[in-house]
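Here the protein sequences come in this chain order: A and B. Take the first sequence: its position 285, counted from the start at 1, is 1043 in the numbering used here, and no numbers get skipped. Take the second sequence: its position 453, counted from the start at 1, is 1211 in the numbering used here, and no numbers get skipped.
One thing to keep in mind: the hints can contain errors.
One copy or any two copies: either way a pair holds, since identical chains are not told apart in the list.
[Said to hold, decoys possible] Only pairs whose alpha carbons sit at most 35 angstroms apart, straight line, appear in this in silico DSBU-like list of lysine-lysine:
(1) Lys1050 - Lys807
(2) Lys1343 - Lys1259
(3) Lys955 - Lys794
(4) Lys1141 - Lys1098
(5) Lys1335 - Lys1259
These are calculated hints, taken from the structure and not from any lab test.
2 protein chains.
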Amino acid sequence: MATSRRSVGNTSAQLEDDDAFVYVFDRRDSDVPEIKIPTGGLFTYVDFKARVREALGIKKSESFVIATTNREEIKDDDSWDIIDKGDTLYILRNIQQELCAPAQQRVSYLPHYDTIVKGGMYEYYASEGQNPLPYAFAELIDNALAATSNNLGARSIEIRLHFDDSNPSKNCVYVIDNGKGMTPRQLNNWAIYRLSKFIRKDKRGKVSVGEEDDDKKQAQSSAYTPLSLNSDISYFGVGGKQAIFFIGNSTRMITKPIESKDVHELTISKEEFQMKEKNQEAIYSGYIRNRKPGDSSHIAAEDEILGKVIEEEKEREHFTVVEIHGINQQHMSYLKLHMKQWTRQLAHIYHYYIHGPRGNIDVEEVNSGRIPSPFKNIDIEVKLFTKGHPHPRVVNLRDVDDDMQTQFLRTAANTFEFKASVEGSGVVEGVLRYHPFLYDRETYPSDANDPRIEPEAFDDHDYAINDRPARGRRPVFECYWNGRLIPYTFVENFDWCAEPKKSRTLPLECYNRISGVLFTNDHFQVSTNKLTFIDLEMRLREKNTVYSHLVNGQEKRTAIDREFLTWIKECHDQSDKQIRFSHFKGVVTRHDL
Amino acid sequence: MATSRRSVGNTSAQLEDDDAFVYVFDRRDSDVPEIKIPTGGLFTYVDFKARVREALGIKKSESFVIATTNREEIKDDDSWDIIDKGDTLYILRNIQQELCAPAQQRVSYLPHYDTIVKGGMYEYYASEGQNPLPYAFAELIDNALAATSNNLGARSIEIRLHFDDSNPSKNCVYVIDNGKGMTPRQLNNWAIYRLSKFIRKDKRGKVSVGEEDDDKKQAQSSAYTPLSLNSDISYFGVGGKQAIFFIGNSTRMITKPIESKDVHELTISKEEFQMKEKNQEAIYSGYIRNRKPGDSSHIAAEDEILGKVIEEEKEREHFTVVEIHGINQQHMSYLKLHMKQWTRQLAHIYHYYIHGPRGNIDVEEVNSGRIPSPFKNIDIEVKLFTKGHPHPRVVNLRDVDDDMQTQFLRTAANTFEFKASVEGSGVVEGVLRYHPFLYDRETYPSDANDPRIEPEAFDDHDYAINDRPARGRRPVFECYWNGRLIPYTFVENFDWCAEPKKSRTLPLECYNRISGVLFTNDHFQVSTNKLTFIDLEMRLREKNTVYSHLVNGQEKRTAIDREFLTWIKECHDQSDKQIRFSHFKGVVTRHDL
Ligand SMILES: Nc1ncnc2c1ncn2[C@@H]1O[C@H](COP(=O)(O)OP(=O)(O)OP(=O)(O)O)[C@@H](O)[C@H]1O
Ligand SMILES: Nc1ncnc2c1ncn2[C@@H]1O[C@H](COP(=O)(O)OP(=O)(O)OP(=O)(O)O)[C@@H](O)[C@H]1O
Ligand SMILES: [Mg+2]
Ligand SMILES: [Mg+2]
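Chain A extracted, bound-state conformation (with noise of 0.2 angstroms):
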């Protein structure tokens, strides 16, 4: 009998040898439950039948079969050594006779651990082209906000990358936050996949004992928050293992939470997964390492960087550090070479939650000087380290100015504030921006790094001075889940903003210059990469939906098409400057430019 080679989905496979036994069914022609018949110390197939005809009380003169539940004849040595502790085994006459009754054989079905592992894998495809490594950053950011939502000071959310060119396997990841943190029980919980809040046991039954949760609290808080703003971004239970298995193949998460004198450490790992699977050891086990901060006793000498982190926890009162490792070769060149894109993506998710309600307005504009502090304290930096520089590239992402959010903020001339209605799901704020064509271009920003909502140039338009259209093809709305970007739904318009089939009273393009921008609170789906909405377009697009303009977020009572065109001949005639060239006299010098 083999000593469990089988360690998937075996739950006997951690039983010690002493223990073993099998099930056996006599099915000669019995109902008779099953017996349970250790197998300890028996090391022949002779040995074995020798116990199971003592057993069963089987006469020397009869003869019988042993089988798998196969109906695989267990006959010899090499067929017993091909049975595991706890197989279930039939008895029959001969192995061609029927089940003269039913036989229940335990069986247990662990999710494979590549549930974890390669949970991100697939589920962050590109979408035609793009890159989704800002969106796995982006479900660790979502958890570092949730975890700093009651800071009452700074909320410090560090990303940190570090290359070791002459030794890639060495290059790493770290996302720290100075939020909450999390108990032991809840770093527990951290690692159970789909253990999302709402399912989360109420600890401990009656007696809580200082281990309060906010989560729900903070879900159920139904208090009006700008543009649904309420850091309250997760969902599934599976965001950040997700994220962190789609970026490398092996986390350590750190943790202090607050008022707690320790530190918490887990480490989960591919690797280690695959040591267990050999060892036959339980898959889903493991240890959390409770410490004192910045004893890094357990790290080899030779990891300075992580040793750094370490020390680093004395001066922090409370944080999560997200370690990962084991990175993807072609993720880390695309985050070398393209910083600068993917922070910009990263500013463009979070626009709002950087800037604030209002966005990135261009502060000289509105008054002199920098912003003071910050939105809600949200402090977003990314630091980039080679090793052998000796100062990283930084980017803060309240520093970025030029994501698709900023551009459309600081391009537009006039803005159109509303609000949907929408039955059962609450409000979906929305806005729309008018981006004029000035004397010689259309001022809609285009992105050049999003090939997907880039706009064709229709050069062999009748009409077309200007070589690009405004917006072209490209969607109106883009749309916020409780204020991060949901990057892969579109919203393409709707009947009261949309270009007019019959009867212009202005001309076409001007609605080509129209971009927009929806906010919706978690009354409405996500997907559980939170790349698409799931149900949002639909529900707006029902008929109880209602919408309404809002003037100083006062509700106008006038119907809103008729609204919208006064805002869009207003913008027309107050902003669009278009000079048109025709009869050419002769060429005139002017002094007075």
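Fit chain B with the ligands to the known structure of chain A by using the hints.
Chain B with the ligands in isolation, oriented as in the chain A frame:
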């Protein structure tokens, strides 16, 4: 001490009370390893404290505190009551004391059962108003196609829907195939989330007793199959489970493998999971019921539908039955009211499996009468039973002749075959079709059921006499993977077949009259829900990808853009029949028509 209230993620939940113990770290000022203190038979905090004192040899005069790893002090019966079996505790001088040495705490982080139960929920999202139910059924058809691929005779796949309007909770769905079935071990593997065929263990070491699995062989086979119609559509180890739990909340798998005497049955349901959680039983454990065909002794007599299905077992050599219960009410009414629509969508998804590589060409044009035998013996039938009505509504997918692919095929005046050789990823087969303008309208088929890809009428363009453009803004290509449609991925077009920007030699509209299909094998990746390709478009756009025109299966040497231009000109010249009315001259009655 509680008898383990925590069942989520806690393996110790299955221990008997007598074996109860806690791990205790003496961290007053030592770094000694933990000791295991039995807690069986202890009822009060005082008893426990005495036992700790004894175990650690602490003198009566010395004081100490007991605490959880979250520094909750255990100091009375109430706080003692929150401790679970297997928990880790500290012995400290005082509750605030620093940890003088690390303490490792065992944790277990079994994925929550929502991994299975909600696996499909957010993954089968509706893309802009489409109902994703057909895609869930497709996963079950995928499995049935794979299971029947080595059948010698008919490959029968049957979807049965049973409506009981007087008792909607009895509504159920069956998917039945006459494929190779599953052995107990394979059925066990079926239930293991993410256990794909690529990582399934070679069962039983060296010794292989009949239980041959041909999945791997099949996957490796590299013989050319037209349009990659290889029936090999199993990939991630999640499809069936996700689909089942998207459709309902409970399943019974019944299967009889080839050459087996016995039927094997396994149930998985949300309710069972909840029960096991409540009773602190192992979540991912269950029983396979092995029994003889036709034995329904375990089924309630009222369950006539299941009783009948089990009765049918006797007629089947080998089969798999997927029974789904607890069906979402909305799904049920969609399935009932829109049968034509979703069977049409299924016919589209499996068009080439149903009709063969040439597709559903108009048989009357090709030869007379019905095509004698189905392609590769595949027969997919949907039956809708309503309680009280004697006869079901039946749709054989082969008889659907208004699915999109059929429409594309039948309106095509001409086709252009090509292939794309993608570096490292083998070959993509492609076909373009020309749908001419005939007399007064475009013949390009329209899909009234998919608002997403339906073009708007450009009634304000000057040239448009017809009120509907051909393809409109839809992308050109739909994409099939291993012969089945991946519904949410479209490829816009390729450089060589796109509308030219300059120097047109034929009307622009002609380019709008093209539809296309791409066929790949699994050298290209799809997302786990098989709704989108991951890398297709990216790789098709790579510089090294080479396109060539195929004529009768032979590659033409000429550059494909020139071949294409020649073809589309020909299409226009030969097929478009445009009548232009001009210069009204008066009314004439024609008697010759
Ligand atoms: N940086 C952090 N600080 C504190 N707690 C965290 C942090 N990151 C994760 N957690 C905890 O771990 C849990 C699991 O995180 P994970 O991102 O895997 O799933 P989730 O956030 O619950 O749901 P989603 O799938 O929507 O991301 C979180 O709910 C939170 O309680
Ligand atoms: N109808 C069937 N007949 C025989 N075996 C089946 C059937 N359905 C499922 N199986 C077996 O169960 C396994 C798991 O099925 P499931 O659909 O959950 O995942 P998969 O097909 O392996 O991968 P994917 O996620 O791509 O669907 C299959 O690989 C196959 O071996
Ligand atoms: Mg998260
Ligand atoms: Mg499958």
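Which numbered hints fail: none
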